[in-house]
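Number of protein chains: 6
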Amino acid sequence: MLSKPFDGFMACEKDPREAHTILFGAPFDSTTSFRPGTRFGSAAIRQESYGLETYSPYQDKDLEDTAVCDLGDLELCFGDPARALDAIQDQADAILAEGKRPFLIGGEHLVTLGAFRAAVRKYPDLHVIHFDAHADLREDYLGTPLSHACVLRRCWELVGDGRIFQFGIRSGTREEFRWAQDHVTTHKFDLDGLETALTAIGDKPVYFTVDLDVLDPSVFPGTGTPEPEGVSFSALRQAVTLVCSRANVVACDVNELSPHYDPTGVSTAVACKVIREMLLALPPR
Amino acid sequence: MLSKPFDGFMACEKDPREAHTILFGAPFDSTTSFRPGTRFGSAAIRQESYGLETYSPYQDKDLEDTAVCDLGDLELCFGDPARALDAIQDQADAILAEGKRPFLIGGEHLVTLGAFRAAVRKYPDLHVIHFDAHADLREDYLGTPLSHACVLRRCWELVGDGRIFQFGIRSGTREEFRWAQDHVTTHKFDLDGLETALTAIGDKPVYFTVDLDVLDPSVFPGTGTPEPEGVSFSALRQAVTLVCSRANVVACDVNELSPHYDPTGVSTAVACKVIREMLLALPPR
Amino acid sequence: MLSKPFDGFMACEKDPREAHTILFGAPFDSTTSFRPGTRFGSAAIRQESYGLETYSPYQDKDLEDTAVCDLGDLELCFGDPARALDAIQDQADAILAEGKRPFLIGGEHLVTLGAFRAAVRKYPDLHVIHFDAHADLREDYLGTPLSHACVLRRCWELVGDGRIFQFGIRSGTREEFRWAQDHVTTHKFDLDGLETALTAIGDKPVYFTVDLDVLDPSVFPGTGTPEPEGVSFSALRQAVTLVCSRANVVACDVNELSPHYDPTGVSTAVACKVIREMLLALPPR
Amino acid sequence: MLSKPFDGFMACEKDPREAHTILFGAPFDSTTSFRPGTRFGSAAIRQESYGLETYSPYQDKDLEDTAVCDLGDLELCFGDPARALDAIQDQADAILAEGKRPFLIGGEHLVTLGAFRAAVRKYPDLHVIHFDAHADLREDYLGTPLSHACVLRRCWELVGDGRIFQFGIRSGTREEFRWAQDHVTTHKFDLDGLETALTAIGDKPVYFTVDLDVLDPSVFPGTGTPEPEGVSFSALRQAVTLVCSRANVVACDVNELSPHYDPTGVSTAVACKVIREMLLALPPR
Amino acid sequence: MLSKPFDGFMACEKDPREAHTILFGAPFDSTTSFRPGTRFGSAAIRQESYGLETYSPYQDKDLEDTAVCDLGDLELCFGDPARALDAIQDQADAILAEGKRPFLIGGEHLVTLGAFRAAVRKYPDLHVIHFDAHADLREDYLGTPLSHACVLRRCWELVGDGRIFQFGIRSGTREEFRWAQDHVTTHKFDLDGLETALTAIGDKPVYFTVDLDVLDPSVFPGTGTPEPEGVSFSALRQAVTLVCSRANVVACDVNELSPHYDPTGVSTAVACKVIREMLLALPPR
Amino acid sequence: MLSKPFDGFMACEKDPREAHTILFGAPFDSTTSFRPGTRFGSAAIRQESYGLETYSPYQDKDLEDTAVCDLGDLELCFGDPARALDAIQDQADAILAEGKRPFLIGGEHLVTLGAFRAAVRKYPDLHVIHFDAHADLREDYLGTPLSHACVLRRCWELVGDGRIFQFGIRSGTREEFRWAQDHVTTHKFDLDGLETALTAIGDKPVYFTVDLDVLDPSVFPGTGTPEPEGVSFSALRQAVTLVCSRANVVACDVNELSPHYDPTGVSTAVACKVIREMLLALPPR
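Residue numbers (this note's numbering), protein chains in the order written: chain A, 1 to 285; chain B, 1 to 285; chain C, 1 to 285; chain D, 1 to 285; chain E, 1 to 285; chain F, 1 to 285.
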């Protein structure tokens, strides 16, 4: 009788053995160069998810019918990104080892690297679909290679040219944009071209990483580095639904919510709705 | 000489006997399931209305020329919704009895039920035009029938099938959407279809209820349950102008501003401008 | 391997069967007459408890060594206080039935009544130690008997004269202060007289209820009805330690944190530290 | 039946002809050198006054029994301090002409000069009791003589040496402190010496001006220029009660609340309680 | 070795003798009728500019390659608008005298008048392109001619009919809109018609003034008088790029950011990006 | 003529060659385990310092007469604490090499280690006076030795037993308090015992490090880990004045202001006043 109620992401309380997708949080921000606080993102998302319904009128599906389990947050070490990434990789490895799909909630974008390492180890032909305002392709940031501004460059080092498809990119150094032309596929400013990319990728395994700052700051102000002129919620919702339902997504993440810069709570609501729509669109594995 | 200046909604200081529309506030929130605070909505709207002009370049009309009177806020009892609804109904009854149009400012959406009861008593063939993000059609909410999540269901019990026209609905349980198909007219996601509905209603008496969360949270973050992917301000402004100028609106309300979740004040400015445009569009009775 | 980490109040993860004290939250506010939001209190307390250490240098004790279990929050119905109180009473009944001490975290002060009813049923000679800025002794509030402004009056109806000892009271109607003179023991303004009261009560069973607004608003701004000139944190810490270690506390609560009025987070930190010191001082049952 | 409820300061709704004290607000800030926003002070005070009780357990008196009337706010011109001061002086003149006591709520401290001019015209032997963190004795501020940093200097020009008694002063230029030694009585840092000053003033007419930033910023953060190490609420409450009950206060003001720097609302609560205690202590004229 | 790093607007650290455009800030707000705080605008813009990149993917240009110098903020007198305008005019005069283009960052919109006076003295055939939500064409505001609500009227007095082209205007009194028809070219609601105006102006000298509240409040909430239904960021970015690259802009300003009403920081990010795009588009003189 | 005004800490604009004390900022937080944001501390302190006067009535001294120079902020790398500490150490080395006293403004408390390393290299018999709420004596934090929770332990490794005097400590693990007994002098809870420590230290060189969270959170809420029941502002002001005027302070720092958790700005005002009093008390070297 004296048992504790579930307090993970709404309705994601299926038995982990029967779930096809496993949520876990990486409450880590340490390399963020501008405004910190994404460490609070995953906890805020869980708590505020109860402001949404489990049912989506867009997809006519309900999370209650979806085999997802939320394992809560990892305990991560600040000030030592390498150690934190190892812990994230371990958790993703464990999930993949059981034949399930890891769904990581950040945290700063660097956390992607941990889950990505696990995924690329299991799926050597891994492709990347990347939604973001920022290219994240720097060689290093003020001397540090493990920075959220470098994360896709680190991923590229593991998969090489032609595997990474970026969308919505509207900020970067001149060098990043130039480098990108030779190594990755970068769609600037919006999410157009997604259909073409999905066709090109086919049924290859995909790591799908969503930096929520791809959204316009009016829609999603609660992030470390808001960049005006982003995509609309509607565009993002349709695009994530498309990727999750059509690509062979073997691992994914949603990151860069910084709830302390979100006094109205709307950014957290946006993050929850994006995650709900992704979870509803992801097929069983 | 020592007299108190007017501090109601800007320019709504006509003599109540000569006004065709009477504003009053219902500073009540008690059943809100998520974030409370709409009790502060009507007071914030009055105070911030002075940041707007009384003149509308959209309609080329001026509130100074409009016969409206603001009676201020009721004093309502928290924790006892039935008692609060009775007080709201009494005030609306009194206004209707003098042949005037009550314009209620919430407060949570449940307050609609008080004014609606008064209106349906006077106008048995009352129809409803309902703008909202949420269907509000639950039979009960955690066992309570008097909840803001059930308010349109309670209204339906008083008028029956075919009288309620909902627009902008993008959140609800699967059950609500299914129930709606048999009993009310629900336009999902946007305000399209309004012209058709107005034609169908003709000159029947209309209760017009605007839950401001029909707006996108980027436009209107200050509400209890922000739901992404709402309508734009421009769409709402045009729609409320259309309803107020074309339908036979016998009573109306605007609700669900929660100003403590609006640190920038823009939600309150939005509420004020919606109300100004409605007041300018409503004809004399 | 894929198991969820504990996310209750820090270190309160003992097996409920071996715990002597059981924490649970009542995230309820519906009757609050002024600023709402205590519904978010218990969740904020859990989340922010990790900013504190488990060790207290005041008592030289550690929560790691203390047999406490946190069961998380009840799911309560808004807008129907009677129903919510029943659910709280049921949970407290269950805890008391297993010979353990319920420790309720509010929520508005009305939640006390639920746990109190359970306690008085088991301990008919129950006494009350009440720390608060407000007397909470109204017969009703705007017609409603179940209001946070009436909660001690409702408790008095169950135990009668001479059982309630109030401290720190600095706000109330003239009628409340007059009524109090004949029925309860009210120490105005501060916590003086506590030793005398503890001696008078002896080893009788005690319900200890702490409305955190007894603190000065400079120390604890995050509450619905801040009342200037309250007690210092040091005075409160010493007083709660004294009550918990010397009285026969059979049930207790801490309430009225409203974290959305606490943008700096210090009120939540204060609530966490008060609870830590109480838990460390409460003896095994 | 359709009448507007009172919305001035709680319980200050007596007929102005029968009131001995007349509240009015001067929502003006234009010369503030640091953080603006005191223009919102008087409106916030009225609105939040309902969070307090009308009864004071300190004085065992009730505002319901007190003959005070609140006339609301003046409409003042920004950017032209001379014009705004004229309007304030006119209102104070009118109140004094009816044999009543003006009680001005600011606004920035410069507003004092308007009411002071009216009072000194009627009472040429006017004395000043001034509570403040800042000396406000500059000859000019960046070239402007009408600045909140100069207001007491402007008052001194109207009454001369020996009439102004300052308390709590802990900030100023070296020149202000030196000048003060020859012209006014300045008690630095706290409110000590008040009894002596009251005795010296005897029954001479007194203008009592309270800049709320005399309080410590922990108690009263919501002000333009917070200055650490101020007086406690308890000290201020006792001091204002003493001045109002013992001196011949012919006019008074409370100013410098800037509610937009008061997200918790405690500064406004403090301002309300100070005003309540002053109103209860002021005798009929 | 012990030298201070640059802390002006990012990358605007060229030697002033070699710069073609000179930034300076006018941290002044004193006449603002509604919410103050634009005095903090220019400092916030400098500090937050480091959250942007110096490179623009829209124009494929980099601020590092642009000859701009930021001179920091003037020290201005509050409460005396005439004196503040003189100081702004002096600084703009000095910049123009050296053959450079002044780029003023406000502050409230009244600051425009200072720089405008300098520009019109040097360029008698000066034209004005004005982006704003508000017409700013009042003869006076509550009796004061030097108000931010009158600034374009004051400019008109210096250049006469046919020289001022307004865009985005959606708020004003009926009188302002009527007066405008005879004296200025007013494009209501959006930025359409800009191409036509640029063609009409040809290579005449242009003062370009951007009141950022022309943007929709969802994009730019941090301003004194938010007016719903403004233009999108994309529309504004394209329009300012067009004006700066095609018109003969001899002086310009960006104003009305009030960062204390911008808790998320997105308004400041928007202001920074507008300024970056303008600086990149402005040709050498 | 076109020169940039000073924008460092008020009045600290002396020529670095003639200054005895050199301010510099280390805007770094990367290892903070709880709430981040101290990276914004030094910039906020500079900007808000203009809300204070340069003159102190406590010491009757003026910063205008004090030979201090502010060099602004270092540019530091996030996510790599070792690299950031090296940069801080280099700056402190350079200042010490010129015979001046470095005064570091944090940032998180870990920054102390950079300046401390420079100081201990020059002064091998360096002693430490440490004001803090937290012992900061952990061997490591979640595996990382370079954490703000370990900084005094790292300092101890460089100087050994008997050199560190801690005051105000009220939080730590049981292990930290036990370890401290054998290695450092820890005064719990308040600043008592300072006189004795100063006598024991005599004229030995002292590194003085002030973690502002030693203050009570009511006085200083804007910090990462607020810990209730701290010292008063008055106690801290007197203590820092005593240390700076009596000990042989060769280097010092003030840290842990996190301004984004300080919406009222009072924490920043407190930090500014502490720094002003320290600068006024520090003698020429």
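In case anyone wonders, no lab produced these hints; they're calculated from the structure. Among the hints, erroneous ones may be present.
For identical chains, the list gives no copy identity; a pair is met inside one copy or between any two copies.
Said to hold, decoys possible - No farther apart than 30 angstroms at their CA atoms in a straight line, the calculated lysine-lysine pairs in the DSS-like style are these:
| no. | residue 1 | residue 2 |
| --- | --- | --- |
| 1 | Lys-4 | Lys-188 |
| 2 | Lys-122 | Lys-204 |
| 3 | Lys-61 | Lys-188 |
| 4 | Lys-4 | Lys-14 |
| 5 | Lys-61 | Lys-4 |
Same-copy or cross-copy closeness of Lys-122 to Lys-204 [CA-CA at most 30 angstroms]: The answer is within: 13 angstroms in one copy meets 30 angstroms, while 61 angstroms across copies does not.
Up to 30 angstroms CA-CA - Lys-14 versus Lys-4, copy category: both (15 angstroms within a copy, 12 angstroms between copies)
Up to 30 angstroms CA-CA - Lys-188 versus Lys-4, copy category: neither (47 angstroms within a copy, 37 angstroms between copies)
Cα distance capped at 30 angstroms. Does Lys-61 pair with Lys-188 within a copy, between copies, both, or neither? between (32 angstroms within a copy, 15 angstroms between copies)
Reference check for the pair Lys-61 and Lys-4, CA-CA at most 30 angstroms: within, between, both, or neither? both (28 angstroms within a copy, 26 angstroms between copies)
Hint compliance for this structure: hint 1 alone is broken.
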